[in-house]
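According to the numbering used here, the sequence shown holds residues 1 to 233 in order.
Quick caveat, the hints were computed from the structure, so don't treat them as lab data.
Glycine residues also receive a C-beta, built at the ideal position from the N, C-alpha and C atoms.
Heads up, a few of these hints could be off.
What the hints assert, rightly or not - Pairwise CB distance ranges (calculated):
| # | residue 1 | residue 2 | range |
| --- | --- | --- | --- |
| 1 | Arg128 | Asp84 | 24 to 32 Å |
| 2 | Pro51 | Arg125 | 23 to 31 Å |
| 3 | Ala54 | Ser34 | 42 to 50 Å |
| 4 | Glu182 | Met120 | 35 to 43 Å |
| 5 | Asp109 | Gly157 | 19 to 27 Å |
| 6 | Gln181 | Gly80 | 41 to 49 Å |
| 7 | Met57 | Lys36 | 33 to 41 Å |
| 8 | Asp186 | Pro117 | 28 to 36 Å |
| 9 | Gly134 | Glu23 | 27 to 35 Å |
| 10 | Ala88 | Gly131 | 22 to 30 Å |
| 11 | Gly121 | Glu182 | 44 to 52 Å |
| 12 | Thr180 | Asp97 | 42 to 50 Å |
| 13 | Ser178 | Arg125 | 36 to 44 Å |
Unchecked claim - Calculated cross-link-like contacts (lysine-lysine; reagent style DSSO-like; alpha-carbon spacing at most 30 Å):
| # | residue 1 | residue 2 |
| --- | --- | --- |
| 14 | Lys102 | Lys156 |
| 15 | Lys70 | Lys156 |
| 16 | Lys156 | Lys30 |
| 17 | Lys140 | Lys53 |
| 18 | Lys140 | Lys150 |
| 19 | Lys210 | Lys30 |
| 20 | Lys70 | Lys36 |
| 21 | Lys199 | Lys156 |
| 22 | Lys36 | Lys156 |
| 23 | Lys70 | Lys30 |
| 24 | Lys150 | Lys199 |
| 25 | Lys102 | Lys70 |
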Amino acid sequence: MKHSKAYKGAAEKRVEAQAYSPEEALRLIKEMASAKFDETIDVAVRLGVDPRKADQMVRGTVNLPHGTGKTARVLVFAAGDKADAARAAGADEVGTDELIEKVAGGYLDFDAVVATPDLMGKVGRLGRVLGPRGLMPNPKTGTVTMDTAKAVSDIKGGKIEFRIDRHANLQFVIGKASFTQEQLVDNYFAVLDEILRLKPASSKGRYLRKIAVSATMSPSVHIDNAALKPAEA
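Can you build the whole structure from these sequences, using the hints too?
Structure below.
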């Protein structure tokens with residue numbers, strides 16, 4: 001039975017006004033994802049931390065059990081055998097000075113960047129280009145490394161990075177609308193567990209303030225995190 005746009009709009013407003021378990025929220029999102037393309041499923045989290053304090057920054061990486069549904073384009077700054085290893089692992093572009101100049105000139109057709117430590121002095125000049133987009137290589141996320149093959153393989157295999165912004169929000173992808181509900185739930189909890197593990201010791205009060213999930217063309221569905229143990233949330 002097809003419903004009118006007005007009916008669907010009213011139903012979506014009712015959904016937005018409530019909070020659901022992760023399983024139910026993801027089931028609803030899959031139902032609302034009705035675009036002609038395979039919509040991306042995103043999660044937004046508001047944390048009870050103060051990003052202005054260095055000891056309350058939350059940043060991490062997770063290897064999603066079922067990947068993201070998208071093969072990331074990986075750019076690698078490396079030379080010699082480390083460049084060869086990156087290419088063999090499937091890196092989309094590998095280079096040094098010429099590639100740095102290409103990115104400095106506005107080239108941004110990639111999703112992740114890896115660099116060997118010896119080139120970070122040169123790559124650092126790309127901070128204004130890569131930094132705001134969350135693409136600057138960082139040792140903490142495994143993207144500044146001599147093991148370029150592993151870094152590329154991890155990213156291609158579904159490794160994602162997350163970090164809070166200045167408003168204590170973080171956002172990450174957990175898959176596509178074509179994923180099964182179980183796959184989305186697995187990916188969701190893989191990231192949530194890591195966020196909980198990274199809770200700063202100096203953070204006071206409720207840590208997980210708000211969680212919402214959405215598809216590319218759908219409204220947000222709020223997740224009720226009351227089921228979490230007080231020590232976790």
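Here is how each hint holds up against the structure:
no.	hint	result
1	Arg128 with Asp84: 24 to 32 Å	30 Å, holds
2	Pro51 with Arg125: 23 to 31 Å	25 Å, holds
3	Ala54 with Ser34: 42 to 50 Å	44 Å, holds
4	Glu182 with Met120: 35 to 43 Å	40 Å, holds
5	Asp109 with Gly157: 19 to 27 Å	21 Å, holds
6	Gln181 with Gly80: 41 to 49 Å	46 Å, holds
7	Met57 with Lys36: 33 to 41 Å	40 Å, holds
8	Asp186 with Pro117: 28 to 36 Å	34 Å, holds
9	Gly134 with Glu23: 27 to 35 Å	29 Å, holds
10	Ala88 with Gly131: 22 to 30 Å	29 Å, holds
11	Gly121 with Glu182: 44 to 52 Å	46 Å, holds
12	Thr180 with Asp97: 42 to 50 Å	45 Å, holds
13	Ser178 with Arg125: 36 to 44 Å	40 Å, holds
14	Lys102 with Lys156	22 Å, holds
15	Lys70 with Lys156	9 Å, holds
16	Lys156 with Lys30	24 Å, holds
17	Lys140 with Lys53	18 Å, holds
18	Lys140 with Lys150	15 Å, holds
19	Lys210 with Lys30	20 Å, holds
20	Lys70 with Lys36	17 Å, holds
21	Lys199 with Lys156	27 Å, holds
22	Lys36 with Lys156	25 Å, holds
23	Lys70 with Lys30	17 Å, holds
24	Lys150 with Lys199	27 Å, holds
25	Lys102 with Lys70	24 Å, holds
In this structure, every one of the numbered hints holds.
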